[in-house]
Amino acid sequence: MKPLALHEDRYFDPAPAVRDKARALYERTKDLPLVCPHGHVPPRLLAEDEAFPEPAALILEPDHYIYRMLYSQGVSLEALGIPPEGPEADGIQVESDPREAWQLFAEHYYLFRGTPTGAWLDYEFSEVLGVEEKLTGESAQRVYDQIQSKLDEPGFRPRALFDRFGIDVLTTTDPASSALEHHRQIRQSDWDGRVVPCFRPDAAFALASAGWREEIRRLGQQTDREITSYDGFLQSLEEQRAFFKKMGATSTDHAVVEPVTQRLSEQEASALFDKALRGEAGEDDQRTFQAHMLLEMARMSTEDGLVMQIHPGALRDHNRAIYERFGPDSGADIPVPTEYTRNLRTLLNEYGAHPNFNLVVFTLDESSYARELAPLAGHYPAMRLGPPWWFHDSIEGMRRYRRRTTETAGIYNTAGFNDDTRAFLSIPARHDLSRRVDANYLAGLVARHQLSMDEAHEMARALAVGLVRETYRLDREAHAPAGRTAE
Amino acid sequence: MKPLALHEDRYFDPAPAVRDKARALYERTKDLPLVCPHGHVPPRLLAEDEAFPEPAALILEPDHYIYRMLYSQGVSLEALGIPPEGPEADGIQVESDPREAWQLFAEHYYLFRGTPTGAWLDYEFSEVLGVEEKLTGESAQRVYDQIQSKLDEPGFRPRALFDRFGIDVLTTTDPASSALEHHRQIRQSDWDGRVVPCFRPDAAFALASAGWREEIRRLGQQTDREITSYDGFLQSLEEQRAFFKKMGATSTDHAVVEPVTQRLSEQEASALFDKALRGEAGEDDQRTFQAHMLLEMARMSTEDGLVMQIHPGALRDHNRAIYERFGPDSGADIPVPTEYTRNLRTLLNEYGAHPNFNLVVFTLDESSYARELAPLAGHYPAMRLGPPWWFHDSIEGMRRYRRRTTETAGIYNTAGFNDDTRAFLSIPARHDLSRRVDANYLAGLVARHQLSMDEAHEMARALAVGLVRETYRLDREAHAPAGRTAE
Amino acid sequence: MKPLALHEDRYFDPAPAVRDKARALYERTKDLPLVCPHGHVPPRLLAEDEAFPEPAALILEPDHYIYRMLYSQGVSLEALGIPPEGPEADGIQVESDPREAWQLFAEHYYLFRGTPTGAWLDYEFSEVLGVEEKLTGESAQRVYDQIQSKLDEPGFRPRALFDRFGIDVLTTTDPASSALEHHRQIRQSDWDGRVVPCFRPDAAFALASAGWREEIRRLGQQTDREITSYDGFLQSLEEQRAFFKKMGATSTDHAVVEPVTQRLSEQEASALFDKALRGEAGEDDQRTFQAHMLLEMARMSTEDGLVMQIHPGALRDHNRAIYERFGPDSGADIPVPTEYTRNLRTLLNEYGAHPNFNLVVFTLDESSYARELAPLAGHYPAMRLGPPWWFHDSIEGMRRYRRRTTETAGIYNTAGFNDDTRAFLSIPARHDLSRRVDANYLAGLVARHQLSMDEAHEMARALAVGLVRETYRLDREAHAPAGRTAE
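Chains as they are written, first to last, in the working numbering: chain A, 1 to 487; chain B, 1 to 487; chain C, 1 to 487.
Hints should not be assumed to be uniformly reliable.
What the hints assert, rightly or not - Simulated DEER-style distance windows between Cβ atoms:
id, chain 1, residue 1, chain 2, residue 2, range
1, A, Arg225, B, Glu303, 31 to 41 Å
2, C, Glu27, A, Gly137, 53 to 63 Å
3, A, Glu100, B, Glu48, 18 to 28 Å
4, B, Glu303, A, Ala51, 45 to 55 Å
5, A, Ser209, C, Ser229, 27 to 37 Å
6, C, Asp20, A, Glu27, 26 to 36 Å
7, B, Ile92, C, Arg263, 22 to 32 Å
8, C, Asp304, B, Ser265, 39 to 49 Å
9, A, Arg23, B, Leu32, 49 to 59 Å
10, C, Asp20, A, Met453, 15 to 25 Å
As the list claims (entries may be wrong) - Output of the computed footprint for chain C on chain A, the stretches with three or more beta carbons under 8 Å from beta carbons of chain C:
id, region
11, 345-357
12, 407-415
As the list claims (entries may be wrong) - Derived, one-sided and incomplete: chain C residues facing chain A with beta-carbon distance under 7 Å:
id, residue
13, Gly220
14, Gln222
15, Asp224
Rather than coming from a laboratory, the hints here were simulated on the basis of the structure. The beta carbon of each residue, even a glycine, is placed where N, CA and C say it ideally should be.
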């Protein structure tokens with residue numbers, strides 16, 4: 001039987017004047033390597049390279065896009081087999097049979113009609129896993145069997161898929177205090193896939209959070225220092241950045257609710273840090289400290305060249321009951337309006353024209369695209385606008401992004417695509433969708449006589465690979481050998 | 001003479017690949033019944049079932065969309081025959097000849113080009129009233145005559161039109177203190193049209209408004225109780241909700257400037273209520289009380305099953321002179337930016353996963369669609385996103401709505417269409433436009449190979465009828481007989 | 001050799017059903033006169049009518065859209081030959097050879113792909129200057145030569161171009177204290193082009209700025225009065241408005257960060273003014289004073305009939321280093337979120353229905369189009385919505401503008417097009433683009449059967465010329481002779 005076919009013109013405008021050009025543009029980018037500068041695939045996956053246990057663990061469990069949607073229609077996370085973090089206190093049973101969870105998922109698969117999750121899953125089923133029919137409640141168990149039979153083949157182990165997907169480099173996201181054990185393991189293996197860490201110190205800046213002191217302890221331990229002062233803290237951060245860089249990192253990442261940046265004197269910063277060590281720091285202290293540390297991260301980036309990313313605007317764990325039961329990243333984060341012009345001013349005035357500084361700014365608030373972000377990225381040399389993020393990483397989201405930012409910032413102040421996923425199998429699906437939508441956008445410009453096809457071909461290539469390499473300093477030639485021999 | 005023809009492909013994309021699919025989808029939804037879960041048609045109309053007096057009173061007078069636009073171009077409400085509420089103090093004469101008002105309207109009809117009001121009126125003229133030519137200053141009196149001759153026929157009385165329009169159920173909007181006299185009258189008549197009330201207690205929560213004490217008095221009277229305390233107030237609300245439900249209601253509705261929700265202790269709520277009874281409550285007190293009462297309304301909904309609607313974000317009566325002369329709902333309400341993520345958090349954390357709770361949230365701030373509302377509706381089981389409202393109930397408004405919300409929330413977390421009108425004749429026009437635009441949206445997804453036609457047919461039906469029935473608990477079978485025999 | 005051809009269907013939708021109608025609509029507006037009610041062309045240009053020195057001074061230097069984009073990619077303003085205002089303190093050399101600056105510009109010309117700047121420049125090169133090849137690093141010097149040879153011809157002097165462009169009236173922007181020397185010179189010349197000033201008193205309202213006292217001194221001098229009180233200040237403003245009007249002005253213009261309006265008593269206003277004279281006014285005082293002065297400007301407009309414009313929402317000089325080196329208007333202004341509903345309420349309640357008052361409101365915050373501005377313009381008789389401004393004066397920006405405002409406000413509450421440019425050669429390019437995009441928008445409505453072609457033709461003409469004449473009181477017949485004989 002042939003696998004379920006995806007249409008070769010999917011996501012293109014149906015008007016022939018656009019569609020034919022989109023096809024031609026996509027034809028030349030579809031086989032380019034996948035450069036992945038930001039994401040959440042656990043490095044353990046590629047370090048251990050074990051076969052995926054079964055379909056539900058592979059598809060359902062890591063994907064909060066999926067269980068978020070099912071939860072919204074009354075399906076509990078327990079029924080999907082998602083294990084709670086806390087004890088099963090209230091007598092709700094977690095589904096232990098993955099086939100039952102899969103059945104439930106399949107019965108609700110219609111909810112994803114018209115969503116990017118639906119598009120990615122269709123791709124995974126058809127192109128990656130060779131599934132032969134549409135997923136429905138009726139076909140659920142047969143599809144499960146088809147996937148399971150693939151997972152038993154060696155060609156479906158993580159490293160084999162990595163190679164088959166054509167991944168050029170995969171960046172993970174790692175806490176500042178990490179020993180990068182899995183990255184070390186990958187580098188010491190005989191596999192030559194390029195997997196690099198990204199330095200994410202959020203937990204170390206969250207003065208008022210319950211886990212802060214533990215994170216500081218780990219960070220100290222990792223750098224052979226007991227951190228008892230702001231000075232020591234800065235030193236440990238710098239040393240860990242150097243360690244991450246040695247392990248292949250080219251970037252840092254910072255998640256904040258508001259992207260406010262503010263310069264504290266060293267005394268002020270020290271005083272806040274000491275207050276936190278005494279366990280007395282509150283939310284306001286944390287906010288001030290984060291605003292200052294974003295500046296310090298920018299300063300260090302001008303020195304060590306790590307590309308700085310800011311991902312602001314998500315109010316985490318909006319649903320307290322879900323958070324208390326399942327912990328963070330359970331599908332209950334909700335965006336808030338986000339201001340950039342005033343908030344980033346201090347940072348951009350200090351470092352926005354520094355020749356060794358690349359700053360990639362993301363948003364969950366699309367109203368800022370044309371109003372703030374394109375004007376900022378279209379002015380400051382250091383700043384690049386990150387691709388459509390999270391809820392906006394979708395066909396319409398990408399369309400709005402290009403239409404609202406290109407006219408002010410051009411495409412050359414944008415940072416290329418990133419898949420930002422923890423669902424390993426969705427990586428090629430996401431890049432494919434992005435390349436198609438970009439091809440279609442450019443085809444529209446050609447069809448309206450704003451570009452020539454030659455220009456569009458150049459731009460399509462830049463959007464697929466060139467800009468992301470340049471922005472994230474992930475050039476293949478310059479890096480590959482050095483990366484391989486760094487240890 | 002044949003009536004002025006509307007084009008059969010109106011509002012569809014002209015590209016044949018989309019248009020033909022849109023046609024096919026619309027073909028199967030156009031004759032489905034009209035389910036109307038929210039609107040402002042006066043129940044008196046259907047209780048008394050009198051012939052409409054003449055065209056201006058039918059078309060012009062109830063429609064603030066119309067006189068708002070004419071006012072913006074310097075036409076006074078008086079010249080349109082809109083009667084002021086206060087005395088004619090300043091010597092401005094109100095036009096008493098409806099033919100003169102009609103003439104003025106016709107001369108300015110070009111202002112509605114490209115607006116939904118223009119589209120609805122064209123439908124009313126052509127499809128409902130059989131008008132034979134385009135309305136202009138030149139044709140004004142002939143069109144008036146054509147309409148008048150229809151209004152004299154028995155088939156153009158309200159109940160006959162209700163039946164001819166295929167209205168399955170029509171929900172009105174009624175103050176919490178209402179005796180629902182007209183609803184009673186309808187139920188006691190031999191006509192079997194289903195007209196149900198909706199419980200709207202805004203006036204009872206507006207502690208600082210001039211009319212609050214009178215509203216409380218009426219609410220008490222209606223429940224055989226003198227309301228002298230917060231406790232009694234809650235009891236009266238619960239009893240009136242039960243009465244509305246007995247009279248067929250399935251929903252409540254709440255208009256606030258900001259959708260903030262906040263839990264007060266019973267002491268705090270009582271203290272505010274007592275302060276208001278003493279006539280000492282200010283704007284801040286009112287805001288706090290409203291925020292608390294939204295939670296109480298949600299709690300009661302979990303108990304009695306009435307679906308809760310929140311319509312936030314309109315600054316009412318922006319134009320003081322118009323308000324003072326003509327009272328509320330005179331076309332001078334203007335939207336303000338509206339925040340949902342933080343404001344609704346308390347309510348959603350308390351009741352957002354309750355199995356007996358349906359919450360429909362509306363917005364006048366489209367920037368919240370993709371940023372806040374789709375993520376919230378795409379997570380919390382109780383929440384559904386209301387359709388494009390008021391200024392956004394339009395072709396482009398509906399398009400933006402689907403494009404910004406479907407990818408995150410899917411269509412199945414949206415609440416279906418509602419016409420929200422006080423212009424009775426516009427009901428079929430509005431449903432028709434909505435079904436066409438939804439058909440066209442789905443046709444676009446099919447043409448871009450994101451859906452199959454089978455899926456699109458299912459979705460079109462859900463958008464036209466299924467979702468609204470489910471969200472508002474307006475299922476035909478379950479309700480109809482009970483409703484008929486409730487008295 | 002033939003000049004580089006622009007495609008005759010550029011910017012039109014490629015679907016034939018739309019394109020053909022767009023062509024037909026554009027065909028009838030393309031040769032209408034250019035009415036320019038707002039812009040920044042220096043009146044000196046037309047007073048002196050000297051030949052443009054060379055291509056870089058003509059194209060590059062006045063256009064902060066260009067050097068903003070190049071700066072964003074690491075090209076310094078100095079390298080483009082932009083002269084700093086301050087001393088060359090830090091040893092950076094300013095490029096003195098315009099051919100070198102031109103070369104640098106040409107090498108980066110690809111950055112403008114898909115931007116309106118690129119579209120305007122292509123038009124200027126092809127249609128105005130007869131350039132014969134695409135600008136690239138390779139062709140740079142040949143293109144320079146081609147342009148230079150044109151600039152040497154008398155037909156390329158400013159007044160000749162003004163006539164050739166078909167400019168009906170060109171409005172400049174002038175400080176309140178201006179003696180309008182260049183306007184006087186133009187009027188006293190034998191050239192009959194109509195160039196009129198616009199009264200912009202921003203500097204006189206900026207109590208807390210360094211230059212305020214000097215501006216007040218100049219304003220006093222200009223009106224033969226030493227301004228020592230708020231009363232005298234108001235008198236001087238009224239007299240200068242009368243002088244501007246005598247010199248042909250029909251409008252005033254006001255740039256503020258927030259469009260807040262607030263009524264002060266005369267005592268309060270006087271006290272603020274005196275405080276400022278003592279050099280003690282701070283940012284808050286300035287904000288309050290500006291909010292009050294907007295009301296005073298509206299009042300004066302009801303008396304003298306000058307059309308009032310408000311351009312809010314730009315945070316000026318975001319990049320301090322660029323500002324300190326190059327002064328204002330160097331491409332470092334960034335928009336901020338802007339609120340209108342509450343901010344404009346006082347002004348609109350006082351003057352929004354005055355029959356002698358026209359108010360044109362602009363925005364850099366597109367989220368306010370459908371939410372606040374279309375509802376306000378669609379209600380208040382005095383208010384018109386200004387065209388897409390600055391970053392939004394683009395193909396997609398215009399599309400969003402029409403799609404988000406027409407359905408609520410219609411086209412007849414919008415103010416027509418203005419080019420708002422300091423780049424003289426871009427004037428016909430900008431009008432051409434605007435007329436094409438409007439034709440295409442209307443063609444889409446016709447293709448979706450929302451308008452007839454006759455209606456669309458009328459509307460296209462209104463958008464190109466009618467609305468701007470009416471809004472800005474720039475009627476040709478009424479004004480031309482009076483304007484010519486005013487002196």
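Verification of the hints:
1. Between arginine 225(A) and glutamate 303(B) the Cβ separation comes to about 59 Å, which falls outside the hinted range of 31 to 41 Å.
2. Checking the proposed 53 to 63 Å range against glutamate 27(C) and glycine 137(A) shows it holds: the Cβ atoms sit about 57 Å from each other.
3. Take glutamate 100(A) and glutamate 48(B): their Cβ atoms lie about 58 Å apart, and the range 18 to 28 Å is violated.
4. Restraint check, glutamate 303(B) to alanine 51(A): a C-beta distance of roughly 51 Å satisfies the suggested window 45 to 55 Å.
5. Checked against the given bound of 27 to 37 Å, the beta carbons of serine 209(A) and serine 229(C), roughly 57 Å apart, lie outside it.
6. Checked against the given bound of 26 to 36 Å, the beta carbons of aspartate 20(C) and glutamate 27(A), roughly 30 Å apart, stay inside it.
7. The beta-carbon spacing between isoleucine 92(B) and arginine 263(C), approximately 26 Å, falls within the hinted interval of 22 to 32 Å.
8. Between aspartate 304(C) and serine 265(B) the Cβ separation comes to about 59 Å, which falls outside the hinted range of 39 to 49 Å.
9. Roughly 38 Å separates the CB atoms of arginine 23(A) and leucine 32(B), a value that falls outside the hinted 49 to 59 Å.
10. Evaluation of the 15 to 25 Å hint for aspartate 20(C) and methionine 453(A) yields a pass: the beta carbon distance comes to about 23 Å.
11. With 6 residues having a beta carbon nearer than 8 Å to a beta carbon of chain C, the region 345-357 of chain A meets the requirement of three or more and the stated coverage holds.
12. Here's how the region 407-415 of chain A fares: 7 of its residues keep a CB closer than 8 Å to some CB of chain C, so the rule of at least three is met and the hint holds.
13. With 7 Å as the threshold, the beta carbon of glycine 220(C) stays out of range of chain A, its nearest partner Cβ sitting at about 35 Å, so the hint is violated.
14. The closest approach between the C-beta of glutamine 222(C) and any C-beta of chain A is roughly 35 Å, which is over the 7 Å cut-off, so the hint fails.
15. Violation of the interface hint for aspartate 224(C) is found here, the shortest Cβ-Cβ separation to chain A being roughly 42 Å, above the 7 Å cut-off.
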